[in-house]
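In this note's numbering, the protein residues as written are 1061 to 1447.
Hint data in this document are derived by calculation from the structure and do not stem from the laboratory. This one's a predicted model, so the numbers in the text were calculated from it and none came from an experiment. One should not assume that every hint holds.
Claimed, not checked - Ranges between beta-carbon positions, derived for each pair: (1) Ser1438 / Val1224: 37 to 43 Å; (2) Phe1278 / Leu1163: 39 to 45 Å; (3) Asp1199 / Asn1067: 18 to 24 Å; (4) Gly1254 / Gln1442: 25 to 31 Å; (5) Gly1168 / Asn1095: 19 to 25 Å; (6) Ser1438 / Leu1086: 46 to 52 Å; (7) Gly1175 / Asn1067: 33 to 39 Å.
For glycine and all other residues, C-beta sits at the position ideal for the given N, C-alpha and C.
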Amino acid sequence: MNETIFNIHDLVLMMTAVQCACFAILLLVTNPPANKSNYFLAAFLLAHAFIPVHELVLWGADFKMIALEHYPRLFLWIGFGFYVDAALLYFYIKSLVYDDFTLHKRDGLHLLPLGLFAVFLGLTFYTHSLQERVMLIDDDIYMYSPGYLIMDFLCKAMRIGYCVASLLLIARYRNQLKTTHSNIERVDIRWLIGLVIGFLIIATTEATLACTKILHLFIPFHPHWFEVIGLTGYYVVFVLVLVLVFTSIRYFSGFIAVKQKDDSKKPVEEKLLNTGFAERIDSAMREHKPHLEPDLTLDMLAETLNIPARDLSLVFNRHFDSNFYEFINRYRIEEAQKMLADPKHKSKTITHIYLDAGFNSKSVFNTFFKKHVGKTPSEYRQEHLPQ
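Generate coordinates for the entire structure from the input sequences, incorporating the hints supplied.
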């Protein structure tokens, strides 16, 4: 009796494909129509579901035999996921952090690598007869040909580029968040950074493997390293998808998006450049103390001061040389200084004081206090209220 016995590596690949496909379907079924980001995430996962299948068919003896016997004309096409998954990850992050994100015709250029891959296969593989193609695959001749190895390496290097671009996009988002929110710590982007870094590790591992195969054309060494590097990537992907499933439950719904378009280039009213206008804002801040609200936003402050949000942002930049986040936290530090030096607050802990001043994070409070006062809150209190 002939039976196919799967090893643990094959099972990991199959489970990864199933995980990606199931999670993508779940996102599509439960996603609100207005939520663009989850559609990109579902597309990313579906594209990524084909990658472990491609690896099974290409390098698993039993799977290769089945594919060659039943689907020889479609061989290698399921590797298309390598050419689109990183771009889809980038668009997922972009649609997640920008609430006004829309696709444009120029974004179609991201499909260019997939088109080049199709042309490459058409010129170097599908020009052969079906019998010749089966032989090239069965003997691993085509997968180790110089042209295919170079194409594979360029593809994997491109994925690294998209991961780096995604990290830069997240960094830019964090900076933009500081222009509209005074409590950016409530937006936990560590999981998003971890997601991108995880796939950067995968892309780097696969690019290293592709580079090693090219070097093998010129420097003979034992191909055992191909297997070691490749298997490492399989297990990292499996774990990463698991982490993505569980983190999504906790973080996706609470994410705060910002505007992608920059309105700061609009004409500036002359009064906004007037020092007296900035002084009136400062007086209103000290009188109404809106900074004591922990989750204060630019729009909330603009409504309190009866000043357009764009104008306020411009005043912060021009007159106070800071963004909204820094502007509000300066007033909070002043409030904390008063309480730390006031005998009637002597019984309060520093934790109570930074919470009363509008801070939500001890680390942010300590960082800002040290930066603006030059000493820690404990040192400042000891100096003004000695035992």
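In rising order, the numbers of the hints this structure does not comply with: 4
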